[in-house]
Structures are given as C-alpha cells and as structure tokens.
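Single-letter residue listing:
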Amino acid sequence: MEDDQPCEEELKLVAEIKEMKARIRTARKEAADADYVTETENLPPLGRLKFKVRKELHGHLAKLTDLHWGKNSDTLVTAGQDGKLFVWDVYKCMKQNAVFLNTAWVMAVSFSPDNTRVASGGLDNILSIHNLEEPEGGTPIELSGHDGYIASIRFTDASHCVTSSGDKSCALWDLQAGKIVHQFLGHENDVNALALASHSQHFASASSDKTAKLWDLREQHCRATYWGHELDVNGVDYFPQCDYAFATSSDDGSCRMWDIRADQMLANLGDDFIQCGSTCVAVSRSGRLVMAGYDDYNCHVWDLLLEERIGIMLGHDNRISCIGSQWIAVATGAWDNNSFIWTAK
Amino acid sequence: MSKLADALAVQRCMVEQLRVEAGLNRLSVSQTVAELIKYCEDRSADDMLINGFTKQTENPFKEKGGCVAL
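Residue numbers (full-length UniProt numbering), protein chains in the order written: chain A, 1 to 345; chain B, 1 to 70.
Keep in mind that the hints were calculated from the coordinates and are not lab data.
Wrong hints could be hidden among the right ones.
In silico SDA-like cross-links for lysine to any residue, where the CA-CA straight-line distance does not exceed 20 Å [said to hold, decoys possible]:
1) A:K71 x B:T54
2) A:K71 x A:M265
3) A:K18 x B:Q17
4) B:K3 x A:P6
5) B:K55 x A:L49
6) B:K38 x A:H58
7) A:K18 x B:A34
8) B:K38 x A:K71
9) A:K71 x A:E133
10) A:K210 x B:E21
11) A:K52 x A:D271
12) B:K62 x A:M265
To be clear about the criterion: a stretch of chain A counts as covered by chain B if any three or more of its residues have a C-beta under 8 Å from a C-beta of chain B, and this derived list gives those stretches [unchecked claim]:
13) 21 to 29
14) 49 to 59
15) 251 to 264
16) 318 to 324
Idealized CB from N, CA, C, for every residue including glycine.
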C-alpha cells in the first residue's frame with residue numbers, strides 16, 4: 001500500500017529547498033544596487049535598423065531545424081527534416097557538401113572547430129559524427145548515451161562535444177573514447193538548447209523547465225540557475241568573446257539577458273506587439289544587438305541595452321527555427337525549408 | 001519504498017546544488033552594467049549589423065554586377 005503522506009525528511013528537504021531559493025533571491029537583490037533601465041537610459045539610441053536578405057539557400061525539402069556558422073564565416077551547415085545536412089559556401093550560394101543521415105529527424109548540427117567534421121543528432125538519440133573529407137560525410141561514427149532526443153550540440157575542442165537532450169541532461173562526450181564522460185544533471189525537463197562560452201570553460205543551457213543554467217566544464221557542475229521565463233526556454237546565445245552575459249528566447253514571447261557575474265536577469269526584451277513565442281536567439285558582435293526568431297514567421301532585432309525593438313526581418317514563410325550571427329551577417333532557418341543570409345542595409 | 005528513497009535522493013541533491021548556487025560571489029549590477037556598456041561601445045564600430053557597410057562594395061554578400069542587357 002503506497003504511503004501518500006510526505007515523511008518527515010521529505011518535509012524537511014522541501015522546506016530547505018524553499019529556504020535556499022529565498023536565500024538566492026535575497027543575494028541577487030542585494031547585488032542589484034542599480035536599475036538596468038536607469039543605467040542605460042542615457043545611451044544614444046541606434047535608430048531603426050534595416051536588414052536585407054542577401055542570399056537564399058534553397059535545397060532542403062523539409063523544415064530546417066538547426067544551423068551553425070563555419071569558423072571563417074564563409075560556410076554554413078544546415079540541418080533539415082528531409083534527413084540531410086548541407087554545407088554551404090554562403091558567398092557563392094552553393095552546396096559544398098551534402099550528408100545523407102540515417103534518420104530524417106535531425107534536430108541539432110555543429111561544425112567541429114577545424115570544420116573537417118560535422119556532428120548531428122535528433123530523435124534517434126544518437127550523436128553522429130560525419131567526416132566532411134569523405135564523400136557524403138563517409139560512414140558516420142554513431143555514439144549512444146542519451147536516453148532522449150539530442151536537441152543541441154557544440155564541440156568544446158577537437159575531441160570533445162557537449163550535447164543537450166530531451167532526457168533532461170546535458171552531456172560531455174569524449175569522441176575518441178566514444179562515450180559520455182560526464183552527465184550534467186539538474187534540469188527538470190527537456191534541455192532544448194545550449195551555447196558555449198568563447199573560452200569553452202562554461203556553457204549555458206535552456207530548458208522546458210523554464211530555467212536557464214550555467215555549467216562549469218572544468219569542475220563539471222552547475223554554477224547557477226536563472227529563473228524568470230514563464231514558459232519553456234528554447235534558445236540561448238552568449239555575449240560574444242567574453243563571459244559577461246548570455247541571452248535566451250522563450251515560448252513566453254520574451255528574450256532575456258542574464259548577467260553571469262551579477263547572477264541575475266538584466267534585460268527583458270518583449271512588448272505587446274509580439275503575441276507569440278520566440279524560438280531562437282543570437283547576439284551580434286558588439287553585444288548590442290539581439291536577433292530573435294518567432295513563431296509568427298518574423299525575426300525581430302532588439303537593442304539589448306535600451307531594451308527596444310529596432311528592426312524586423314521579413315522574409316520567411318513559416319516559423320523561424322534557428323538563427324546564428326557572425327561578424328557581418330545573420331543566418332536564419334525556418335519551417336519554410338529555407339535558410340537566408342541577412343546583412344544590414 | 002525505493003521510489004521514496006529515489007525522491008529523497010533527488011531532493012537532497014537539489015538542496016546541495018542550491019547551497020552551492022546561494023554561495024556564489026556576485027558582483028554589483030552597477031559594476032557589471034557599466035562594463036557591459038563599455039564592452040558594447042568599444043566594439044560598436046566593428047559591428048556591421050549596426051553600422052552597415054561604408055560602401056556596398058565591401059559587402060561580400062552583395063549581389064555582383066549592375067545592369068542586365070535585355
């Protein structure tokens with residue numbers, strides 16, 4: 001017979017959890033000796049920005065689910081639910097390489113640091129590594145370990161990857177050993193996205209448990225949990241080239257910026273004009289701009305410091321699923337089967 | 001009983017994790033925002049998504065060529 005009454009220890013632990021969270025909230029409030037809006041309000045506004053589609057990458061026959069810029073920003077890899085990865089020369093607008101996957105349900109793709117390989121994963125729960133120096137990616141190395149779908153992948157170095165999964169965990173893989181060497185546990189629901197800090201010493205994750213978490217790769221533990229989003233968090237991107245902050249996107253329609261060193265949310269990018277969820281987010285080279293994709297087929301451009309919506313990227317015919325920013329351009333992918341490259345006008 | 005033991009183990013982990021997170025060294029928002037603003041300002045001249053290109057010939061994504069003879 002099951003005992004539904006919580007036991008004494010459980011009650012004690014529940015109370016301790018509540019007390020610890022209150023302690024964190026207090027500590028964050030104590031660090032908030034200034035108000036973000038007041039500190040930034042005198043900055044000169046950027047004015048309205050116009051972005052134009054410069055390249056249209058047609059080729060996928062189904063929804064795009066992920067993309068990743070190459071190291072020199074002249075190539076892009078896209079993943080579509082036609083079961084294909086395409087590596088594009090973005091200037092010539094041509095496919096350099098095509099990989100035909102063993103599964104159509106790919107959700108994540110990433111270049112290796114030297115761009116000779118791409119990793120993919122999806123509903124098959126398998127991390128696949130493809131060699132771009134062989135025709136059509138060669139025979140993939142297929143690594144099992146996750147108990148749920150793979151939502152996001154990034155290489156931390158030539159022989160290690162971090163993944164996020166529908167099994168609620170993130171994992172650090174040793175690709176030479178062919179297995180997971182550390183599991184990052186703590187999220188209470190699917191982990192939809194991850195972003196790596198530029199020095200690869202920590203990474204941030206976005207989850208359907210409505211939180212983002214910061215993970216230390218060297219010490220292999222969770223450093224912080226960020227509460228605030230009201231629905232699933234599904235996109236994350238770091239402030240460029242430093243570890244000051246990262247941005248998230250959420251089904252609640254907002255994007256938020258989280259300050260790592262003050263350990264709290266600073267910017268909340270949302271307004272009444274946007275009546276749908278945000279699906280993906282990217283931060284520009286200076287950190288000033290946040291580009292986010294939404295369910296209503298648009299991307300919006302935000303001034304992160306003034307928390308103002310200052311541009312709209314119109315062009316896709318369906319939900320934006322992925323976005324990536326580099327020095328001079330933004331790449332978007334959508335459920336209209338296309339990827340576009342945008343620059344400022 | 002093991003279901004209860006599992007649930008308790010998870011909650012004990014949560015308490016330990018929250019203890020670690022509560023003990024973080026936090027910088028003040030005034031300091032971090034000032035540094036964020038400086039960071040953005042120092043790099044804004046190089047951010048082509050803000051400034052665009054001085055000349056479109058510098059834009060490697062710009063369509064080449066001018067008129068097409070019909």
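Item checked: Hints that the structure is at odds with (numbers, increasing) -> 1, 2, 6, 7, 8, 11, 12 and 16
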